[in-house]
Amino acid sequence: MSSLTKADMAERLYDELGLNKREAKDMVESFFDEIRESLAANEQVKLSGFGNFDLRDKRQRPGRNPKTGDEVPISARRVVTFRPGQKLKDRVDAYADTRSETA
Amino acid sequence: MTKSELIEHLIDRHPELSVKDVELAVKAMLDHMTESLANGDRIEIRGFGSFSLHFRAPRIGRNPKTGDSVSLTAKYVPHFKPGKELREQVNESIEQGL
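As they're listed, the protein sequences go chains A and U. The letter at position 97 of the first sequence is residue 97 when you use the UniProt record's numbering, and the numbering goes up by one with no holes. The letter at position 5 of the second sequence is residue 5 when you use the UniProt record's numbering, and the numbering goes up by one with no holes.
Keep in mind that the hints were calculated from the coordinates and are not lab data. In this text the structure is predicted, and so the values were computed from the model without any measurement. No residue lacks a Cβ here, since even glycine has one placed at the ideal position from N, Cα and C.
Under the rule of at most 30 Å between Cα atoms (straight-line distance), these lysine-lysine pairs were calculated in the DSSO-like manner:
#1 U:84 - A:21
#2 A:89 - U:3
#3 U:75 - U:27
#4 A:67 - U:81
#5 A:46 - A:25
#6 A:46 - U:81
#7 U:27 - A:6
#8 U:3 - U:81
#9 U:3 - A:6
#10 A:6 - U:20
Far from chain A, some chain U residues (derived; all Cβ distances over 12 Å):
#11 60
#12 61
#13 62
#14 63
#15 64
#16 65
#17 66
#18 67
#19 68
#20 69
#21 70
Put together the whole structure using the sequences plus the hints.
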């Protein structure tokens with residue numbers, strides 16, 4: 001199983017849109033920076049078809065140090081959750097179908 | 001932030017590119033990511049996070065209206081795990097009072 005990286009995405013922009021290598025690399029970089037900046041400003045990101053990046057505030061809860069067993073509180077925190085959009089879910093479902101055919 | 005707002009921001013950030021190129025680039029990037037997951041591949045974006053597929057075993061579900069049991073087939077669902085940098089930045093926004 002391979003992994004898609006920023007370099008692969010830049011390569012695609014170079015091949016398909018004719019951006020030069022520098023422009024393609026910068027665009028991919030900016031794309032993820034913008035999403036990250038929005039989330040860091042506590043603003044949800046909605047990319048229709050692909051999915052939504054939501055923010056959830058978690059309250060402090062009791063936890064344990066797994067090594068020592070000591071009780072230590074897990075502080076209140078804000079976390080990112082991703083909810084896939086319908087189009088992405090449908091496309092991934094199609095993958096499950098191809099897997100069951102070959103299984 | 002919506003997809004069109006994201007495109008606006010990227011247009012401002014990249015005056016060297018035409019509006020059309022930025023629109024096409026955003027579409028191409030999201031299509032590329034969708035395609036990868038649809039092929040069963042992972043996506044790994046350093047500092048941002050990774051996307052992978054999680055397997056859901058087949059199970060017996062129920063129609064909530066009628067109570068009838070229905071068998072649900074195994075499936076894969078996309079999953080996102082935020083990277084360290086994103087996790088930290090988002091968590092720091094609490095302290096900044098956002």
